[in-house]
Amino acid sequence: MASEVKLPRLGQGMESGTIVRWLKAEGEEVAKGEPLYELDTDKVTQEVEAEASGVLIKIVVPDGEVDVGTLIAVIGAPDEDVSAILEAALSGNGGRAEAAPAARPAPEAVAVPGDGAATEPAPVSAVRASGERVKASPLARRIARERGVDLSAIAGTGPEGRVIAEDVERAAEALVAAVPLAPLAAPAPVPAEVEVVELTSTRRTIARRLTEAWQAPVFQLVVTADASELVATRERMVERLREGDVKPTVSDLLTRLVASALVRHRAVNAHFVDGRILRFPQANVGLAVAAPTGLVVPVVRRADHLSVQEIAAARADLVTRAREGKLQLADLEDGTFTISNLGMYAIEQFVAVLNPPQVAILAVGSIEDRPKVVDGTLVVAPTMTMTLTCDHRAIDGSEGAEFLGTVEAFVEAPALAL
Amino acid sequence: MPELTYREAVRDALAEAMQKDESVFIMGEDIAEMGGSMGVTQGLLQEFGPTRVRNTPISEAAIVGAGIGAAMQGMRPIVEIMYEDFLTLAMEQLVNQAAKHRTMSGGQLKVPLTIRTQGGAGWSPGAQHAQQLESWFVHVPGLKVVFASTPEDVRGLLWSSIYDDNPVVFFEHRTLYPIKGDVPEQLAPIPLGTARIHREGEDVTVVATGRLVHEALTAAEEAEREGISVEVVDPRTLLPLDAETIVGSVRKTTRCVTAHEAVTRGGFGAELAAVIQHGAFDWLDAPIERVGARFGPLPFAPPMEQWVVPHAEDVLEAIKRTVARG
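The listed protein sequences correspond, in order, to chains E and R.
Taken in order, the first sequence gives residues 15 to 432; the numbers are from my numbering.
Taken in order, the second sequence gives residues 79 to 404; the numbers are from my numbering.
Keep in mind that a hint or two might mislead.
Derived Cβ-Cβ restraints for the label pairs, each shown as a range [unchecked claim]: (1) R:G404 <-> E:V394: 49 to 55 Å; (2) E:E257 <-> R:S183: 27 to 33 Å; (3) E:E382 <-> R:K398: 40 to 46 Å; (4) E:R384 <-> R:K398: 44 to 50 Å; (5) E:T238 <-> R:G404: 50 to 56 Å; (6) E:G175 <-> R:K398: 15 to 21 Å; (7) R:F359 <-> E:A344: 26 to 32 Å; (8) E:R316 <-> R:G357: 30 to 36 Å; (9) E:E257 <-> R:G404: 36 to 42 Å; (10) R:G344 <-> E:E183: 33 to 39 Å; (11) R:I275 <-> E:E382: 49 to 55 Å; (12) R:G404 <-> E:L309: 37 to 43 Å; (13) E:V394 <-> R:I275: 31 to 37 Å.
Calculated pairs, DSBU-like style, for lysine-lysine (alpha carbon to alpha carbon, straight line, at most 35 Å) [said to hold, decoys possible]: (14) R:K398 <-> E:K149; (15) E:K20 <-> E:K340; (16) R:K330 <-> E:K261; (17) R:K330 <-> E:K149; (18) R:K178 <-> R:K188; (19) R:K98 <-> R:K188; (20) R:K178 <-> R:K98; (21) E:K20 <-> E:K46; (22) R:K258 <-> R:K330; (23) R:K330 <-> E:K340; (24) E:K340 <-> E:K261; (25) E:K149 <-> E:K261.
Hints in this document: simulated from the structure, not taken from any laboratory.
Please read these numbers as outputs of a predicted model, since none were measured by experiment.
Ideal placement from N, C-alpha and C gives every residue a C-beta, glycine not left out.
Same shape as in the complex, but just chain E (with noise of 0.2 Å):
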């Protein structure tokens, strides 16, 4: 019994996605839970797992975008005839299908074996076909997924032309250096023209919400704590981890710190919408992440309930995901606060722009050994600056004043958010 794949509604509000490529061929074996195609949708690009066993028959629409609900391909057995399923969705297939023009598929193109005793075994994926296994190391093969770098283009200097660390960052200071702006997964000779650069979705999203952020009435608090009891801390979690814990940054223990503010001041852990504020009970913290096809901002839940250690735990599991292009939609949903962080970049102080429909968001520069006074006397003290930008339909600056001054006393003294 074939079954139709069709595009899912993975969350909220989705009412289309993009179809980046296909990770199987027509032909191919793929098995219920096997990642099938890669869907951009306007938050994320992630792989959608097949949600049938047998053979990939048909794909409907190779690529472009398409609306919920629509056919994109059929799973069957190899010799199963689909042509009754095709001839109907495609009848009913509506306008977006039509517009993206690989999407209209040739009838004879339809395979659709007419002797099941002669069936062929199903072809290998065009993939795998073309590109033998790029011999590389691990670390190799690491610094290649964290710098975006595409190994199969790199020139092996190891032992039987393997690729190793150094290659790949030299292919990566190379890349850098020839193409900024040119996507990482694909190196480019220096174009000798002016490049355009399509707007991913999640860039088209990145630059709408932004925009529309800007339209919002902002004003900006400024702090600067005394960041030496919150380093102290971390290290003293770091030293009693166990085996298999994730050592705690100063950024989680921070989201931890921020979330337990959050919920003794709600003005600020709210959204508006529709002229309207909503308050809310729980702490969910965003967190910005920049990922290869953009900012992110993936979502510690109910992070003024979790341990710092579990914080921790969350947060590498987002931020992994973010860098490698596989955060689900839901892990981007319902947070009420983002927090982004540019310390490791050894910023000072910056103004993050708001992430509507959120209320406010938290700039967090670098701890450094700056001067500071105390009782009258100039002393040395690892300090970090906080800036808060507050939508002000939705927060006066007493209430923003009041959540930053709970943010510092907790950073100076991190027990008082017991």
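Fit chain R to the given chain E structure using the hints.
Here is chain R on its own, set in the frame of chain E:
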């Protein structure tokens, strides 16, 4: 800092434990008047008398078995097995008895027994008196396994082994007895399960045990002249293993060579390689190289013996393979 030979450092740890603690005593073949076949226990009979420095019959099973009994009765015996090749005769006692009593009694019994032994090639002892069998014992839950490579380490590790409540198989290397090294003024116990970084480096980690620690240090100096920076780590305790230090080192250098005098196949280097590849997989930039003896009984003829066991040049070649270019 005083300087001791490896042999003196072993004797020093034995003597100090016996001075301090009536429950410590030693026994083994010819260890009393003769002072042991390697001269390690010379003088101890005069100092501590025949009840605490006891000669035994030529029966390794009896030596270890008596040690187990004494240990379970509250003593801290140290038994000497003249050559580690002869541990084969005491395997039943070691593997089925010593290693098992603590757990099988639900913790009611303890076996604080130290089994000192020695082995190693380099002086034509032939195939039955020079094997390196330490990896066999790493496979037995309930035992601890120590292999010390310097005077300081052998003194501090022997002390910790004597005072460990589990049976410890304590390997010494025949050719290391005469080497000299600084030791702390006061005997400093070295916890079991802590590796020692002998030399820091950036490009390759050599994890070496026993005599090969010294060969690795020589190879590292040679490599440095050729522009390769080598870190040398000695696990010192094979069981329990300080995986954190070893994996951490390889994560830093991204390449690794394991080195021991035992035959490569099924040797401790195999266990190290498995632990390292798992802990440092995404940091490895080259396959882990193993250095060990060729797979054959050790020949008596000196040139053949030298050909079979590994030396600094074998470690150096392995180091170069890890940084090789195609």
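Structure-based check of each hint:
1. At roughly 51 Å, the beta-carbon separation of R:G404 and E:V394 lies within the given 49 to 55 Å, and the hint holds.
2. At roughly 28 Å, the beta carbons of E:E257 and R:S183 sit within the given window of 27 to 33 Å.
3. Against the hinted window of 40 to 46 Å, the Cβ-Cβ separation of E:E382 and R:K398 comes to about 43 Å, which satisfies the hint.
4. A hinted range of 44 to 50 Å for the beta carbons of E:R384 and R:K398 is consistent with their spacing of about 48 Å.
5. Between E:T238 and R:G404 the CB atoms are about 54 Å apart, so this pair conforms to the stated range of 50 to 56 Å.
6. For E:G175 paired with R:K398, a C-beta distance near 18 Å keeps the hint of 15 to 21 Å intact.
7. In this structure the hint that R:F359 and E:A344 lie 26 to 32 Å apart at CB holds, the actual value being about 29 Å.
8. Distance hint for E:R316 and R:G357: a CB-CB separation of about 32 Å, consistent with the stated range 30 to 36 Å.
9. Between E:E257 and R:G404 the beta carbons are some 38 Å apart, a value that agrees with the proposed interval 36 to 42 Å.
10. Checked against the hint of 33 to 39 Å, the C-beta distance between R:G344 and E:E183 comes to roughly 37 Å, which is consistent with it.
11. Evaluation of the 49 to 55 Å hint for R:I275 and E:E382 yields a failure: the beta carbon distance comes to about 31 Å.
12. In this structure, R:G404 and E:L309 meet the distance hint of 37 to 43 Å, their C-beta atoms being roughly 40 Å apart.
13. Taking the beta carbon of each, E:V394 and R:I275 are about 33 Å apart, inside 31 to 37 Å as hinted.
14. The suggested pairing of R:K398 with E:K149 holds, with an alpha-carbon distance near 20 Å, which does not exceed 35 Å.
15. About 21 Å separates the Cα atoms of E:K20 and E:K340, which keeps this hinted pair within 35 Å; it holds.
16. For the suggested pair R:K330 and E:K261, the alpha carbons sit about 17 Å apart, so the restraint of at most 35 Å is met.
17. Between R:K330 and E:K149 the alpha-carbon distance is near 22 Å, which keeps this suggested pair within the 35 Å criterion.
18. Using a Cα cut-off of 35 Å, the hinted pair R:K178 and R:K188 holds, with the two alpha carbons roughly 10 Å apart.
19. A threshold of 35 Å between alpha carbons decides the hint, and for R:K98 with R:K188 the separation of about 21 Å falls inside it, so the pair holds.
20. Taking the CA atoms of R:K178 and R:K98, the gap is near 29 Å; set against the 35 Å cutoff, the hint holds.
21. A threshold of 35 Å between alpha carbons decides the hint, and for E:K20 with E:K46 the separation of about 15 Å falls inside it, so the pair holds.
22. Of the pairs offered as hints, the one joining R:K258 and R:K330 holds, with about 31 Å between alpha carbons and a cut-off of 35 Å not exceeded.
23. For the hint pairing R:K330 with E:K340, the CA-to-CA distance comes to about 28 Å; that is within 35 Å, so the pair holds.
24. Only pairs whose Cα atoms come within 35 Å are accepted, and E:K340 paired with E:K261 is accepted, the gap being roughly 22 Å.
25. Note on E:K149 and E:K261: the hinted pairing holds, with a Cα-Cα distance of about 32 Å set against a maximum of 35 Å.
Of the hints listed earlier, the one the structure fails to meet is number 11.
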